[in-house]
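Go by the hints and put chains B, H and U onto chain D.
Chains as they are written, first to last, in numbering that gives the first Met the number 0: chain D, 0 to 334; chain B, 0 to 334; chain H, 0 to 257; chain U, 0 to 257.
These are calculated hints, taken from the structure and not from any lab test.
Hints may contain errors.
[Stated by the list, open to error] SDA-like, lysine to any residue: derived pairs with alpha carbons at most 25 Å apart: (1) D:K284 x U:T123; (2) B:K176 x H:A174; (3) B:K284 x H:P125; (4) D:K165 x U:G176; (5) B:K33 x B:E232; (6) D:K284 x U:I119; (7) D:K284 x U:T126; (8) B:K165 x D:Y170.
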Amino acid sequence: MDADTVRATSTHFPRSTVERTDTADGAGKVMSMKEAVAAFVHDGATVSIEGFTHLVPTAAGHEIIRQGRKDLTVVRMTADIVVDQMIAAGCVSRLVSSFVGNSSAGSLGELRRRIERADPAPLAFEEYSHYGMVCRYLAGSQRLPFYPLRSYGGSDLPSVNSDLRKVTSPYPGPDRKPEQIYVVPPVNPDVTIIHAQRADRRGNTQIWGLTGIQAEAVYAADKAVVVVEEIVEDEVVRSDPNRTLVPSHAVDAVVVCPRGAHPSFAQGYYDRDNDFYRAWSHISKDPERLRAWLAEWVYGTADHAEYVAKLGADFWAGLAVGEALSEPVNYGRRL
Amino acid sequence: MDADTVRATSTHFPRSTVERTDTADGAGKVMSMKEAVAAFVHDGATVSIEGFTHLVPTAAGHEIIRQGRKDLTVVRMTADIVVDQMIAAGCVSRLVSSFVGNSSAGSLGELRRRIERADPAPLAFEEYSHYGMVCRYLAGSQRLPFYPLRSYGGSDLPSVNSDLRKVTSPYPGPDRKPEQIYVVPPVNPDVTIIHAQRADRRGNTQIWGLTGIQAEAVYAADKAVVVVEEIVEDEVVRSDPNRTLVPSHAVDAVVVCPRGAHPSFAQGYYDRDNDFYRAWSHISKDPERLRAWLAEWVYGTADHAEYVAKLGADFWAGLAVGEALSEPVNYGRRL
Amino acid sequence: MTTTAPGTVTSSELLSVVASRELAARRTVFAGIGLPTLATELARLTVAPRIEVVYESGVCGAHPSHLPETIADAVIVSGAEAVLSMPALFGCVLQGGHIDVGFLGAAQIDRWGNLNTSVIGDWTSPTVRLPGSGGAIEVMANSREVFVVMRRHNPRSFTGTLDFCTTPGPDRALAEGIRPLGAGVTRVITELGILARSGVGEELRLVAVQPGVTVNQVREATGWDLRVADTVETVPPPSEAELRLLREDVDPDRVYLR
Amino acid sequence: MTTTAPGTVTSSELLSVVASRELAARRTVFAGIGLPTLATELARLTVAPRIEVVYESGVCGAHPSHLPETIADAVIVSGAEAVLSMPALFGCVLQGGHIDVGFLGAAQIDRWGNLNTSVIGDWTSPTVRLPGSGGAIEVMANSREVFVVMRRHNPRSFTGTLDFCTTPGPDRALAEGIRPLGAGVTRVITELGILARSGVGEELRLVAVQPGVTVNQVREATGWDLRVADTVETVPPPSEAELRLLREDVDPDRVYLR
Numbered sequence: 000m001d002a003d004t005v006r007a008t009s010t011h012f013p014r015s016t017v018e019r020t021d022t023a024d025g026a027g028k029v030m031s032m033k034e035a036v037a038a039f040v041h042d043g044a045t046v047s048i049e050g051f052t053h054l055v056p057t058a059a060g061h062e063i064i065r066q067g068r069k070d071l072t073v074v075r076m077t078a079d080i081v082v083d084q085m086i087a088a089g090c091v092s093r094l095v096s097s098f099v100g101n102s103s104a105g106s107l108g109e110l111r112r113r114i115e116r117a118d119p120a121p122l123a124f125e126e127y128s129h130y131g132m133v134c135r136y137l138a139g140s141q142r143l144p145f146y147p148l149r150s151y152g153g154s155d156l157p158s159v160n161s162d163l164r165k166v167t168s169p170y171p172g173p174d175r176k177p178e179q180i181y182v183v184p185p186v187n188p189d190v191t192i193i194h195a196q197r198a199d200r201r202g203n204t205q206i207w208g209l210t211g212i213q214a215e216a217v218y219a220a221d222k223a224v225v226v227v228e229e230i231v232e233d234e235v236v237r238s239d240p241n242r243t244l245v246p247s248h249a250v251d252a253v254v255v256c257p258r259g260a261h262p263s264f265a266q267g268y269y270d271r272d273n274d275f276y277r278a279w280s281h282i283s284k285d286p287e288r289l290r291a292w293l294a295e296w297v298y299g300t301a302d303h304a305e306y307v308a309k310l311g312a313d314f315w316a317g318l319a320v321g322e323a324l325s326e327p328v329n330y331g332r333r334l
Numbered sequence: 000m001d002a003d004t005v006r007a008t009s010t011h012f013p014r015s016t017v018e019r020t021d022t023a024d025g026a027g028k029v030m031s032m033k034e035a036v037a038a039f040v041h042d043g044a045t046v047s048i049e050g051f052t053h054l055v056p057t058a059a060g061h062e063i064i065r066q067g068r069k070d071l072t073v074v075r076m077t078a079d080i081v082v083d084q085m086i087a088a089g090c091v092s093r094l095v096s097s098f099v100g101n102s103s104a105g106s107l108g109e110l111r112r113r114i115e116r117a118d119p120a121p122l123a124f125e126e127y128s129h130y131g132m133v134c135r136y137l138a139g140s141q142r143l144p145f146y147p148l149r150s151y152g153g154s155d156l157p158s159v160n161s162d163l164r165k166v167t168s169p170y171p172g173p174d175r176k177p178e179q180i181y182v183v184p185p186v187n188p189d190v191t192i193i194h195a196q197r198a199d200r201r202g203n204t205q206i207w208g209l210t211g212i213q214a215e216a217v218y219a220a221d222k223a224v225v226v227v228e229e230i231v232e233d234e235v236v237r238s239d240p241n242r243t244l245v246p247s248h249a250v251d252a253v254v255v256c257p258r259g260a261h262p263s264f265a266q267g268y269y270d271r272d273n274d275f276y277r278a279w280s281h282i283s284k285d286p287e288r289l290r291a292w293l294a295e296w297v298y299g300t301a302d303h304a305e306y307v308a309k310l311g312a313d314f315w316a317g318l319a320v321g322e323a324l325s326e327p328v329n330y331g332r333r334l
Numbered sequence: 000m001t002t003t004a005p006g007t008v009t010s011s012e013l014l015s016v017v018a019s020r021e022l023a024a025r026r027t028v029f030a031g032i033g034l035p036t037l038a039t040e041l042a043r044l045t046v047a048p049r050i051e052v053v054y055e056s057g058v059c060g061a062h063p064s065h066l067p068e069t070i071a072d073a074v075i076v077s078g079a080e081a082v083l084s085m086p087a088l089f090g091c092v093l094q095g096g097h098i099d100v101g102f103l104g105a106a107q108i109d110r111w112g113n114l115n116t117s118v119i120g121d122w123t124s125p126t127v128r129l130p131g132s133g134g135a136i137e138v139m140a141n142s143r144e145v146f147v148v149m150r151r152h153n154p155r156s157f158t159g160t161l162d163f164c165t166t167p168g169p170d171r172a173l174a175e176g177i178r179p180l181g182a183g184v185t186r187v188i189t190e191l192g193i194l195a196r197s198g199v200g201e202e203l204r205l206v207a208v209q210p211g212v213t214v215n216q217v218r219e220a221t222g223w224d225l226r227v228a229d230t231v232e233t234v235p236p237p238s239e240a241e242l243r244l245l246r247e248d249v250d251p252d253r254v255y256l257r
Numbered sequence: 000m001t002t003t004a005p006g007t008v009t010s011s012e013l014l015s016v017v018a019s020r021e022l023a024a025r026r027t028v029f030a031g032i033g034l035p036t037l038a039t040e041l042a043r044l045t046v047a048p049r050i051e052v053v054y055e056s057g058v059c060g061a062h063p064s065h066l067p068e069t070i071a072d073a074v075i076v077s078g079a080e081a082v083l084s085m086p087a088l089f090g091c092v093l094q095g096g097h098i099d100v101g102f103l104g105a106a107q108i109d110r111w112g113n114l115n116t117s118v119i120g121d122w123t124s125p126t127v128r129l130p131g132s133g134g135a136i137e138v139m140a141n142s143r144e145v146f147v148v149m150r151r152h153n154p155r156s157f158t159g160t161l162d163f164c165t166t167p168g169p170d171r172a173l174a175e176g177i178r179p180l181g182a183g184v185t186r187v188i189t190e191l192g193i194l195a196r197s198g199v200g201e202e203l204r205l206v207a208v209q210p211g212v213t214v215n216q217v218r219e220a221t222g223w224d225l226r227v228a229d230t231v232e233t234v235p236p237p238s239e240a241e242l243r244l245l246r247e248d249v250d251p252d253r254v255y256l257r
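The following block holds chain D by itself, in its conformation from the complex (with noise of 0.2 Å):
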């Protein structure tokens, strides 16, 4: 009749939600980006950090970096600055992504320096295509054991990576014929980071605009942290339910971090730094100076908020945006 007896005999039952941190009024999901980090992200981890384009966790990267973490395996659509940053500082050792490079803007220096010279180390990567990943996503959050997909028929990636597999449907295809399909396996990183534009206190977050595969990443993982531009008031999430992309029980830490993405976007925040996307190019290329600007800009600064009041106020109007706002919807009460 015991409830713990009970529950310990579901062996198979993922750790996560015994555990998802909590408190009566929810409070104790908000922490700083420096507690959060110091909580879920543990040398040797399996990190997934998203946001395509779009919200990229670049914060967070950095609070990764200043605590000196070792030998993360990061997993990441589109590994761009802010993973090139994390491997000159040492924090990786793998690497599963779909797009090594710095959006359409040049290269990544250090990330190419490790994979075409083991240059200052080795760096063991993991190639997928886009859908690839997005698929290994929605099979970890579906808790499925693979996910078919209509790619790689042909490619040489299945060559260089043994998880690229073909699955027999039971069913006939077209032709009658038997019908093969790739699949790839579910990826179930130990912490999922994503950023956001808003939550309330209990980690209910709301995305608008590019989306990506941040719910499906949260819902793979068995910790996520949510970085958020502000936190709400409960009735701001709740005037509009449909936009809350992560309910709160997938979520265990909310950290406040305004401009958090930065060189990235937030939607209707603040705009991408196209310059610094431009400019990363050359400052990676360059060991020395990629040494220089981590020394600067990551070791030299206390946590974001020092980074952003560094940049300056006059940084931050060239990227201030206007106002577009959505037209209400009315989800109606009952009379």
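Just chains B, H and U, lined up with the frame of chain D:
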């Protein structure tokens, strides 16, 4: 060099992409319910009618009855009142569903007579669970040969539904042994009909509140008819693009039909007619009474506008809802 | 609407109160409509103030202005913390393993907690066609544990052999080589008492009787040779406080209370 | 920003104009950023007024206030007709078969339109590590046809043997028993001319040369024994109207035009 030559070689391409109706201003998609049913619902067709308790396209079902369609295969997760009515009217020879009941309000009389006693005619029935149906739509919309799910192990359903099959995962299970999982086949209806709050003239369709499986049901189908409470200006839709669950490229017809979901509801427009749900258990229990109901309310009305008028203003006042507006979000504009 | 005389406890009230107590320390519950709604809302006011109700329709963290009449009632949508798509609800929340307790009902249940909601009689030409699974198969396969509330406790409902197994517990799944996530049915709550099991390989056994009910009465009402716990408790009757909350705060309009 | 002298047509302008013409009668195009953006926006003003641009980031029916600088630029989101989740974009729109033309680029292309965007040299220790597939594998596998715009036409880029096949055309897929949806690469547009193929089993062949370019020049710039159509057309040079639209309406700030 001729585009048609190129096109002709890609024989596996779904018909739908080339045949979506449209005109320069998109107005060619806006048509009456009568026109849409005549154009897109044919005898013998597989018709998906979705809307999970919310936004049930009842008016479309009634027009199918008025036009006397025969031999339809109806695909619907929750086969409820409108399906019972279509069966009673002789439109349906096969039903694919995961719940054949009158919500929590009782039974579907006609459906039960058909299945229990073949009275007055048999009804072929393919039984699934809700997630099995969801996965059939997911497979259909994503052009997958099958979709895996962790259901059905130990159930008697596979013994009466040979489309529930198993696949062995090419990755070892948690115990390192081979892992088996059930899969369902795609469903690709000839036409899917959904009801929504609003769309623009091109068919960009916005739904809020319960969104069910409507988007996937549309993408799974060869043709799609969207019935809406109202057509709005392009600017309204474009002020909140995340609210668009079905983009225009997936829509063939837009039908304006206010209150077309009755006795179901449209969040923010009118409430559910729970009295009618309760009444239907009695009406449908008696074949004579059911026939009289159809005669009066479906065959006896030229279209849904007449049905609405016949119910009367007082009736609709009883289902009116108050205002609970979503707080606007800022999408931002470049300065 | 009927008014319940003080002191008289109806069947609905008894079942709701007993079920609500079982929700202590649970975080997420997948609730159908009716008795599970009452039990969950009462638990929120008593033993589980932070419990999150997840509805099959996609609603998480509902804050309804009125007691919902269906799992898709407009009042659970307005003011909710999140409304998810059906693929997200069934795929990520349920199959992803985020549900502590799922509530299910059934026309028939067997000693392992397997359920029938499809047919009475033969599936191909049934005596009674029932609604079918809905999401029950998924709730059973993916919840940490499942509570069943049965209005009728008699040998036809509590049967040695199901007419049809719509919703299998983990024992049947394992026999087919499919590994279940949770424990299956761990509590069956009826007017006569509480049956319980803790997981795979274990039959339901009688662990408590309602006041005034004998072990023998429960055995006779059960269609198989019911195992009985070494110590059978007597269910504490609904307290004044529980009944008051249920009648005045949870369901003042008697939507489900009878 | 540079100003282009009237009368002088830059490489970017030439490629954009030629590519835009190929979009006549197409309904949906999956466009990357750069030359495909210019070509598509010009086509909207000329041969394909109703063309819908779908971006990898999830945007359908963009109405940008400024020329987007990335496929995820904020200006393609504000005012768009729809923004879809990534699973919906890749699963329903792309794999579901809703894209008429996909635009791709590559470091290397072979005679069948197979593409390399992964490495120069050996994959395990490459001379140059390139960005990889992104969504290119999916665009190739699922679009009705694919256009490739190549800034450089030389034997290293147009190669007899790819260093690595990231993104296979349908011939390679079929050889592995996987049935492709579309025709693969049907157009390759370069400064020298246009190569074309119509589908499975067919090599790229030269169908048109830019004004002043000889067939032999194209053959020498191509790393395999290039087939040539019976009649090789000369590409009509960009018209005054096309250039004016491109320079004044599509990219007045010279974001991509060089």
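task = Provide an ascending list of the numbers of those earlier hints which the structure does not satisfy.
result = none
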